[in-house]
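Q: Here's the letter readout for the chains.
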Amino acid sequence: MAFTWFLERGQTFVKMRALKLCAVALVVAAGCSRVARRDSGPALPADAPAEAALEAARRDPQAGAALTSSEQIDHALARVTFGARPGDRERVGRIGVAAFLEEQLEPARLEDHLAEARLARYRVLTASSSELMQELVDKRKQKKEDKEQQKLALAQADPALAAATVPPPEKKGRMDQGPGGAYIGELAQAKLLRAVLSERQLQEVMADFWFNHFNVFGAKDRIRALLPSYERDAIRPNALGRFGDLLRATARHPAMLVYLDNWRSSSDSPPPRFRRAERPRAAFRSRGADTVDEVEKLRRKRGRGLNENYARELLELHTLGVDGGYSQADVTEVARCFTGWTVVEMQDDPRYAFRRGRHDFGQKLVLGHAIEAGGGEGDGEAVLELVLHHPATARFIASKLVRRFVMDDPPALLVERVAETYQSSDGDIRAMLRTIFASPDFWSRRALKAKVRSPLEFVAGAVRAVGAGVDDPLQLAKAVERIGEPLYGAAPPTGYGDTAETWVSPGALLARINFGLTLAEGKLEGVSLDLAALAPVAAPPEQVLARAQALLSASELSERTRAYVLSQLGEVPEKRRQKQPALLAMRAVGLLLGAPEWQRR
Amino acid sequence: MKRRLFLQGSAFALATFGLSAVPGFARRALALEAPPGGKRRTLVFLFLTGGLDGLSLLVPYGEPGFLELRPNLAHPLPGQPRGKDGAVAEPLLALESGLGLHPSLKDLLPLYQDSVLAFVHAAGQPGGTRSHFDAQDFLELGTPGDKSTPDGWLSRALQLSSAVGAATPLDAVAISQHLPRSLQGKSKAFAFANLNAVRLRPLAGGPGGDQGRSRARDAFEALYASSDDAALAAPGKEAFEALSLLEQRLGKDYAKPREGVIYPNGPAAGALRQVAALVKAEVGLRVAAASVGGWDTHANQPGELSRRLGELGGALGAFWSDLGDKQDEVMLVAVTEFGRTVRQNGSNGTDHGHGSVALLLGGAVAGGKVYGRWPGLRRDQLFEGRDLDVTTDVRGILAKAAEAQLGVHDTARLFPGYAGDKLGFVRG
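Heads up: the protein sequence lines correspond to chains A and B, in order. What the first sequence shows, in numbering that gives the first Met the number 0, is residues 0 to 600, in sequence order. What the second sequence shows, in numbering that gives the first Met the number 0, is residues 0 to 427, in sequence order.
To be clear, the hints were calculated from the coordinates, so they are not data collected in a lab. We put the CB at the ideal spot given by N, CA and C, even for glycine. Be careful, since some hints might not be right.
Incomplete in silico selection of chain B near chain A, CB under 7 Å [unchecked claim]:
(1) F65
(2) G204
(3) G207
(4) L222
(5) D228
(6) A230
(7) G235
(8) E237
(9) A238
Output of the computed footprint for chain B on chain A, the stretches with three or more beta carbons under 8 Å from beta carbons of chain B [as the list claims (entries may be wrong)]:
(10) 497-505
(11) 510-519
(12) 563-574
Once the Cα atoms are required to be at most 30 Å apart in a straight line, the calculated DSBU-like pairs of lysine-lysine come out as [to be verified]:
(13) A:K578 with A:K522
(14) B:K421 with B:K187
(15) A:K578 with A:K219
(16) A:K150 with A:K138
(17) B:K185 with A:K477
(18) A:K399 with A:K522
(19) A:K522 with B:K236
(20) B:K255 with A:K477
(21) A:K477 with B:K236
(22) B:K421 with A:K477
(23) B:K325 with B:K146
(24) B:K187 with A:K399
(25) A:K399 with B:K325
(26) A:K146 with A:K219
(27) B:K236 with A:K448
(28) A:K574 with A:K477
(29) A:K399 with B:K146
(30) B:K255 with A:K219
(31) B:K368 with A:K477
(32) B:K325 with B:K185
(33) B:K187 with A:K448
(34) A:K150 with A:K219
(35) B:K185 with A:K448
(36) B:K325 with B:K187
(37) A:K219 with A:K142
Let the sequences and hints guide you as you build the complete structure.
A: This is the structure we're talking about:
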């Protein structure tokens, strides 16, 4: 019964949304002629992967033979999860690749008790922004009081000493500054646990993907207190939903408004009621401003003026893409539309609000569409709908998805097809992924192992592959940082790059190799691993290597690599092996995790 | 020249026999060959983050009314007796008429007198941002006001460099966990927080220590060298070359200073002793970047700043002595993202401001001088009515340094949008 009710409610909701969308679309002259499809497209047929693989081989014989069914399983696991665990391959083989992909596309149907139970200890995952913000304010107050108390105590004991006492040096790295650093620490550990443990792997892959797409960096405590809600409320619920919902949710979230400065943006011209009375000017004069220049400077100092930061990134990074055909004038006009979209009660209950007093009520011209004067909050909404329905956005989002799931240099035809799905499905992310998962490009031999693992994919993938238990993910988070991409640590609004060259540097490779060696030896704090089963005492090196390869799905090792690793295994003295049977397996897994082959997925 | 060609030829010929046949010394010798027509020069970019108070580093005590704006921050004037007690006791060091050096920087005075150290007063970036985050990004990207620049200024400098010589795996380094924005881009750079940690863990079941590390390197070097995966084999090659270079050149205690040189404890010293070690080891270092924070002195500025400046001065002094006969090859430029308010605030500190001081140290620096045009501190001379104005764009300083050390002549490409001059602080 409850299920039907849910469906009905869903339909009403959809209808209302459709009406609203059409209304807005009319306003921005996008037109309503194409009726958007409301479902996420049909499920993948069971034989779709195999047929697409055959089709890929027919179209592009030079790439080699069609993927075997075992390769299809490996490929599917490598692309929609953070890496296969022991047993995953067998399971996918049993239920079928298409069914596995469908399962991952509908994460709500997957039980995830284990991960959920382990996440319960991270308070920021459930705490509201206002709780976290108030806690910060309290902590700061406490710190100040402590300092004064300390000084007072010292002064009573020895006045000269008190005067000379300087506060202890604080670590001023971008990440460690202030008590809000702990919030980021919890978020990072939770992300790692989810990546390693969650059954809803595609959901986690996409949550990471969209967070990076709509990146917000916690440079200051203020943003750090807002980030947990940003991820929980704006990103995660929409990770496999509609792109438009993601865009609307991020546009109004205090974290984004603060990070990209829109909360400070206001009309360059004072509101009309002020202009008549010339009140601001008089007010500034009394503060000693004589010239027009100074009036302008003082006005800026009081926090008035247009800020284009969000407008620019909205067009360049979130929707149209840098080549999306907009101009600097468009950026300014978009910024005018978003004036008044701000955050109120920052210290107590930070939340989005529209402030008429900051809004520019004049007429705007965005991407050739007029937005009439006198609009208000709707101006920004109209911009969002306008860019959502822009073909450049469809292409840009499609190309990013194809780059993530297929290869760094996305095949143009597939991008076009995914862009078409974007347009016909109203930006349905599931539908776009289905288009990718059904395409010959996805199942082409050229796509197999074409992606280098990102630092997070490498660390989470290694832990999953060897079946390690994670008691404390802190060391894993630190490893991701050493390998080059601290979680929640991308400072620029672009987020981290999504191609191999951003992940592969000499220093990062050494960090990868060391991580693999440490993990394989079971020397990583908070992570438990037993490789003894891989290497019974009497097992010859060939057998240990074969088992290690199977564990890591590293079946495609070149003959040279295999021979070399074997020779390395032969160097472990027999005596030491007798004492510690797992040594051989540790060495094999350590070498394989650091080898070039395993850097790809 | 002939030797260089011979080595290239021999390395090429040997490569066909597989990696193990290439003697390590041949590869290393190739990498370390000095560029024809001169020594390899090194540019050190030291970023003092947090907003350094230039008005405390180089105090314009001769400026009418200035000391009154900072009653609790002032030091006794040069030559005057010590103050009564507390941290502000030491008198300023006389530098030029009306301008005094912070007493904690006493280690810099001999360098200034030797004319290898110079300052630029009222240096900074255009634009009025007082956000650390924005201002730091702007400076590292070299494009004030524009955060969308894809690469950092040092990365562009390396790409534009006309200083020839084979690229080495330690061409450009950052003394930090991650590559700073200034070095992000198309050029390659190696980031490490601690040179001693740039080494591999020994393989399980084998010998430990240096022998184990060296075996681990050989093992992975072979795995990467035999790989058909060019995207991974190339950086792998660089990584293992860097490792062997460091093993070969630096010995056990990587960052050991020259006999008799004592670095203070602190972040500036920690970074600079590693830079000096790389320069002395002749690993082919062209660019080194490091950042040192803690300059955001909103409260209790006198004690805090004295301590940090003391460490900075001591570190620079030790760095210079440590370099020894390599002093001529090195130029260090220290800058900050912005200065601080002229007037002290309510908690014996200063808030985010505008213009500050840049510091130049190097054999090629025409030092013993304070560069820049003094903008004055009268209310109408201040930036937005409160801060020291900027009269020298840091890009003009950095462009000159890049020209002198790296042979970068195309300022327009080094700093897109910068039409100003280069500051002429280089000898000759």
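Q: Which hints from the list above does the structure break, by number from lowest to highest?
A: Hints 1, 3, 15, 18, 22, 23, 25, 28, 30 and 31 not satisfied by this model.
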